[in-house]
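Undergrad: Chains as they are written, first to last, in the working numbering: chain F, 5 to 117; chain W, 63 to 172.
Be a bit skeptical, because a hint or two may be false.
[Unchecked claim] Computed from the model, here is a short list of chain W residues facing chain F with C-beta under 10 Å: (1) P96; (2) K104; (3) P106.
In case anyone wonders, no lab produced these hints; they're calculated from the structure.
It should be emphasised that the depicted structure is a prediction, and the values quoted were computed from it without experimental measurement.
Every residue, glycine too, gets a C-beta built ideally from N, C-alpha and C.
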Amino acid sequence: DARVTQTPRDKVTEMGQEVTMRCQPILGHNTVFWYRQTMMQGLELLAYFRNRAPLDDSGMPKDRFSAEMPDATLATLKIQPSEPRDSAVYFCASGFGGLETQYFGPGTRLLVL
Amino acid sequence: GENVEQHPSTLSVQEGDSAVIKCTYSDSASNYFPWYKQELGKGPQLIIDIRSNVGEKKDQRIAVTLNKTAKHFSLHITETQPEDSAVYFCAASKTDKLIFGTGTRLQVFP
Numbered sequence: 005d006a007r008v009t010q011t012p013r014d015k016v017t018e019m020g021q022e023v024t025m026r027c028q029p030i031l032g033h034n035t036v037f038w039y040r041q042t043m044m045q046g047l048e049l050l051a052y053f054r055n056r057a058p059l060d061d062s063g064m065p066k067d068r069f070s071a072e073m074p075d076a077t078l079a080t081l082k083i084q085p086s087e088p089r090d091s092a093v094y095f096c097a098s099g100f101g102g103l104e105t106q107y108f109g110p111g112t113r114l115l116v117l
Numbered sequence: 063g064e065n066v067e068q069h070p071s072t073l074s075v076q077e078g079d080s081a082v083i084k085c086t087y088s089d090s091a092s093n094y095f096p097w098y099k100q101e102l103g104k105g106p107q108l109i110i111d112i113r114s115n116v117g118e119k120k121d122q123r124i125a126v127t128l129n130k131t132a133k134h135f136s137l138h139i140t141e142t143q144p145e146d147s148a149v150y151f152c153a154a155s156k157t158d159k160l161i162f163g164t165g166t167r168l169q170v171f172p
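Could you put together the complete structure from these sequences and hints?
TA: If you want it as structure tokens, here you go:
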């Protein structure tokens with residue numbers, strides 16, 4: 005049963021600290037998405053990659069957020085420095101090609117104090 | 063850009079009754095409409111999707127209908143069960159980017 009995996013599942017940190025979240029997409033999928041979910045904003049797309057190349061990161065605050073795909077099996081989302089307003093659940097999803105099903109991971113619940 | 067509105071925000075039904083959730087979208091070029099179910103502490107899971115060349119799709123107790131002219135689509139769950147209780151999200155897309163509705167919290171009471 006292929007699944008998207010994310011680590012860590014929970015992260016509590018203090019304001020100003022660096023946070024790195026990791027995602028392993030489903031093997032064979034070539035598109036990876038990062039979403040943020042909050043009560044106020046719902047599900048927001050932060051960035052996505054195809055074949056490891058960034059296609060769109062317009063939803064991401066560029067001054068503190070960065071997303072990369074070091075290889076086809078790993079995507080990372082980094083926040084530096086973190087702020088309390090970054091507290092949210094961050095989801096990674098993967099799919100194959102355009103207009104295809106996106107499969108979500110379990111999420112990383114981030115709390116910035 | 064695309065905007066997706068979803069109603070109602072909460073829905074309570076008795077076990078065995080039907081539940082209907084409705085979404086409208088703004089971009090007539092959108093052609094892919096998935097529905098996701100999110101249980102507490104988990105990521106959204108796709109339950110059914112429909113493409114713009116199809117008016118209706120069914121999968122056991124779940125069905126989705128699409129009205130392209132009116133730019134709205136609906137999720138129908140029949141014979142609801144307590145395990146259907148979750149938050150449901152609709153989404154619309156014409157490219158890779160899914161635009162999500164705000165979610166409907168469905169509670170099914172035994």
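Undergrad: Please go over all the hints and tell whether each is borne out by the structure.
TA: We went through each hint and held it up to the structure:
Annotation: W:P96 was flagged as interfacial toward chain F, and the flag holds, the nearest CB pair being 7 Å apart, inside 10 Å. The interface hint given for W:K104 is met, as the beta carbon of that residue sits about 6 Å from the closest beta carbon of chain F, less than 10 Å. Taking 10 Å as the C-beta contact cut-off toward chain F, the hint placing W:P106 at the interface holds, the least distance being around 5 Å.
Violation of the numbered hints given earlier is absent; every hint is satisfied by the structure.
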